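> Single-letter residue listing:
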Amino acid sequence: MTKPPRLADQLLEFFCAPHRLEEVQGDLYEEFAYQVRRVGERRARGRYWWSVLGFLKPFAIKRKQTVLRPNEHLTTNAMNPTMISNYFKIARRNLVRNKAFSAINMVGLGLGMACSLLILLWVQDERSVDGFHANGNRLFQIYERGYYDGKVEAAYETQGLLAEELKRVIPDVELASGLERSRTVTLEAGAKVSKADGSFAGADFFRMFSYPLVQGTPETALTTPEGVAISRKIAELFFGTPEKALGKSIRYENRDDLMVTAVFENLPANSSQQFDFLRSWKAYVKENQWVHNWSNTSPETLVQLRPGADPAKVEAKIKDFIYQYIPKTKGSRTELALQPYPEKYLNATFKNGQVDGGRIGYVRLFSLVAVFILLIACINFMNLATARSTRRAKEVGVRKVVGAVRSALIGQFMGEAVLLAFFSGILAVSLVLILLPAFNALTGKQLVLPVGQPVFWASLVALLVLTGLVSGSYPALFLSSMNPIRALKGRILSSGSGVTFFRKTLVVFQFSLSLILIVGMIVIYRQMGYIQSKNIGYDRENLLYVPLEGELVKKYNLFKEQAGQLPGIRTISRMKESPTVIGHHVGDISWVGKEPSLSVPFADAVVGFDFLKTMNLKLAEGRDFSREFGTDSLSFMVNEAAVKKIGYKNPIGQPMWWGNRQGKIIGVLKDFHFTSMHQAIEPLIVRLDENTKWGSILVRTEAGKTKEALASLEKICKELNPNFPFTYQFSDQEYAKLYNSEQVVSQLANAFAFLAIFISCLGLFGLAAFTAEQRTKEIGVRKVLGASVPSIVALLSANFLKPVAIAMLIAFPIAGYAMNRWLQGFAYQIRIEWWMFAVAGLLTVGIALLTVSFQSIKAALMNPVRSLRSE
Amino acid sequence: MKRSYLGEFEEIVLLTVAVMEGGAYGVAITHEISEQTSRSVRLNQVHAALERLEDKGMLKSEMGEPTAERGGRRKRLFTVTAYGRRTLQEIQDVRATLWTRLLNPFKPATSL
Chain D
72 MTKPPRLADQ LLEFFCAPHR LEEVQGDLYE EFAYQVRRVG ERRARGRYWW
122 SVLGFLKPFA IKRKQTVLRP NEHLTTNAMN PTMISNYFKI ARRNLVRNKA
172 FSAINMVGLG LGMACSLLIL LWVQDERSVD GFHANGNRLF QIYERGYYDG
222 KVEAAYETQG LLAEELKRVI PDVELASGLE RSRTVTLEAG AKVSKADGSF
272 AGADFFRMFS YPLVQGTPET ALTTPEGVAI SRKIAELFFG TPEKALGKSI
322 RYENRDDLMV TAVFENLPAN SSQQFDFLRS WKAYVKENQW VHNWSNTSPE
372 TLVQLRPGAD PAKVEAKIKD FIYQYIPKTK GSRTELALQP YPEKYLNATF
422 KNGQVDGGRI GYVRLFSLVA VFILLIACIN FMNLATARST RRAKEVGVRK
472 VVGAVRSALI GQFMGEAVLL AFFSGILAVS LVLILLPAFN ALTGKQLVLP
522 VGQPVFWASL VALLVLTGLV SGSYPALFLS SMNPIRALKG RILSSGSGVT
572 FFRKTLVVFQ FSLSLILIVG MIVIYRQMGY IQSKNIGYDR ENLLYVPLEG
622 ELVKKYNLFK EQAGQLPGIR TISRMKESPT VIGHHVGDIS WVGKEPSLSV
672 PFADAVVGFD FLKTMNLKLA EGRDFSREFG TDSLSFMVNE AAVKKIGYKN
722 PIGQPMWWGN RQGKIIGVLK DFHFTSMHQA IEPLIVRLDE NTKWGSILVR
772 TEAGKTKEAL ASLEKICKEL NPNFPFTYQF SDQEYAKLYN SEQVVSQLAN
822 AFAFLAIFIS CLGLFGLAAF TAEQRTKEIG VRKVLGASVP SIVALLSANF
872 LKPVAIAMLI AFPIAGYAMN RWLQGFAYQI RIEWWMFAVA GLLTVGIALL
922 TVSFQSIKAA LMNPVRSLRS E
Chain V
757 MKRSYLGEFE EIVLLTVAVM EGGAYGVAIT HEISEQTSRS VRLNQVHAAL
807 ERLEDKGMLK SEMGEPTAER GGRRKRLFTV TAYGRRTLQE IQDVRATLWT
857 RLLNPFKPAT SL
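Top to bottom, those sequences are chains D and V.
Here the working numbering is used: the first residue of the first sequence is 72, the next is one more, and so on.
Here the working numbering is used: the first residue of the second sequence is 757, the next is one more, and so on.
Simulated from the structure, these hints should not be mistaken for laboratory data.
All figures in this text were calculated on a predicted structure; none of them were measured in a lab.
Zero decoy hints are in this set.
Listed below are the simulated BS3-like cross-link pairs for lysine-lysine, each with C-alpha atoms no more than 30 Å apart in a straight line:
1) D:K128 x V:K816
2) D:K516 x D:K808
3) D:K720 x D:K665
4) D:K422 x D:K399
5) D:K625 x D:K776
6) V:K812 x D:K128
Now the stretches of chain D that chain V is said to cover, found in silico as 3 or more residues with beta-carbon under 8 Å:
7) 88-99
8) 118-132
Cβ-Cβ distance ranges computed for the label pairs, FRET-style:
9) D:N169 x V:V850: 52 to 58 Å
10) V:R842 x D:K74: 42 to 48 Å
11) V:G820 x D:E112: 25 to 31 Å
From the three backbone atoms N, C-alpha and C, an ideal C-beta is built for every residue, glycine too.
Model the full assembly from the supplied sequences, consistent with the hints where possible.
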């Protein structure tokens, strides 16, 4: 028998829908046989081709069967529009039916997400700091690593001439600039006087950093000694517009006349350097003769390497750089090292001479907390959805009986979770919008929701889908795995111990996280309290700082005399440095018996008479500087840490050298904290000089008479120093500023711990409801047989305390370890005590019990007749 | 009148299936129609019409016996459903009514 053309046949088999192929091909074969008989094989083949091509029509190609014939069933219908609309309908009905559960679920997830969103915004902002410099990958900050006394320490303070010399000597250093810490000074132009924060920087500064100039060029901004670059803000304040400012003169501290050589755009908030003006480095060198001695350090040094230069090689080359300028000493060594500038903001803490974290620790910590809180919320969602599955078991059973495949059910429940996550997402975004101002006030940032950026929405949707999938995964897998027969009989929930174990594990995990956060909260709170209340060695209450500037420099004695007689003021002294943080160090202190090779940096302070009285410092021995001794300008006071370092048995009257300045020790101060508690107390040397050109006037006021004292001070300042606006600082407030980031962390930790425990309890509440419902009959039987209400409550509650107890076992060691690490960052720290854990534990157990007992009591009070009749 | 619309070709296919009383399948229907109406009918047109009619519920089908001629493949045998019969009847009635209202019935002789 002749066969139809193979190729045409294959074509037909390729495009024709499988369920239609048999009849179509059969008909074609029959027709072919008929045609062969009628017109011969050759023409029959042609007609066969013609017929096959005729079937190249949509109706034959289309895969989807529209007509269901007997003994046929559809298999791929899970995603058709009817089913999808059915899923939506069922999801909506379920949400509406269990209003309380839906609300708990949505609020929990929404809170968790809002919290994570806030933290992520903060983290993103922290990471963006200093990231905007065009040459960022070639900018490096120099830090110095000192080996002495068997210790290694590092700091950002460098020699005053280091930048220039590096640029001159090292070929790979393209540009370099020093930068001194900003100070508040008084500027004056025409009739206007104002305070401004500013500093000194090298000529290359604006070529290195991408601070756009409105007026002037980066090359000429800071080249002349009297040149000054000012911000747009200052320019507008003094001259109206930046255009008018260029070339005008500004008086600095009523002392130097400067000329505006450039106006820069106001610095962005995400720059770690903040200043309103910059003066040229030439002026700095002229004003600070000590820079010519290379054992003194103070400013920061920043360099920009040539393109293609290898930082590691440059670092190796500059390691011993400073010994080209000072002789080597045995026993101590100072190395230069490079840190990429954009990394500095987050990594500015040193440990053993190496960069060792800094703010990055908080950034990582909070990222982790964000993930944890989201996870807790997701776990909640899982547990609550499992609880609700009691009611949906029948639905799943029916769906399975009428042919739902497992993947369809998983899809349905995942989809529902994602849908709910989207509702929570809306809630979360609204919450963030409401909370953002408060969060900004707390963290001192200007965060905004980047609503205009598609990236933000894309990542939000990604977060929602991820949250939905994670939180929906367990219910979806659990529900879809149910045996339909058992589900329809209503017996699913006696399901295997695996499910119960999984659920308990989740609860344990949840409570472990909450406990860790609570312990963290307590420790941070205590440490902050310790810092605030620790006796730092001087009395920071009722202490004011008034900047020593303008006419006051010359008229200080007059000021002291007049002010001392005014009401509310007790004593007055002066100090070149800020007493809150003494950052200046001298390296060339020597004493009798000092090993010539040893070089120990001393913190140094230059003060006026009555320093001890004003600061309320205690003397260990000796006396304060006094007018009665004419030679006191050649005397020193040191602190106990310094005496320990020096090793004098009876330090009073012993000689010491500060560079070439020889003097005697007249007093030993009891150690006091002159930097933050992160650092141990360093050796300190104090000398007397009432003729320094700047500094602070220290004013000790009488307790409770601050207002009068301020009024008196303002009056005198106006009289003596009319060109300068009167400003002052409170010592305790300055001190509190040292711990700004810790304060923020402390408050955030409180909020997060509260949130975590709240969300966890929401979950526990749901679970309690779940169990109570599941054991309705058991409770009924127990009651009929004579169980009392308390015994039933105890039975149900004990079930929930077990996971909390296990959570404690897991959480406490982790929390203890983590908080110990955090406390290591402080040189002066509290000890972690057992009661902190006890409080956290009791708090958690208490809250958990409260949550659970509500459901337990409700279940225990139920009339057994009703629960037993429910079958 | 509420019923599915039937095209002229569909009506012919439906009628042919009714006429063939159980022996109706693709090729047979095609041959029958081309013999009765003397127009060239293609197999795919018939299949498409059958599919549409089954979709509308006027036909139902089941698989018949395989034959050697068909390469061992089964036929799909169509029968008219009650709904299909009623539809045909209604079409017939409508036409009959219209014919009776024709005042000057065409004479076969004059129409030529």
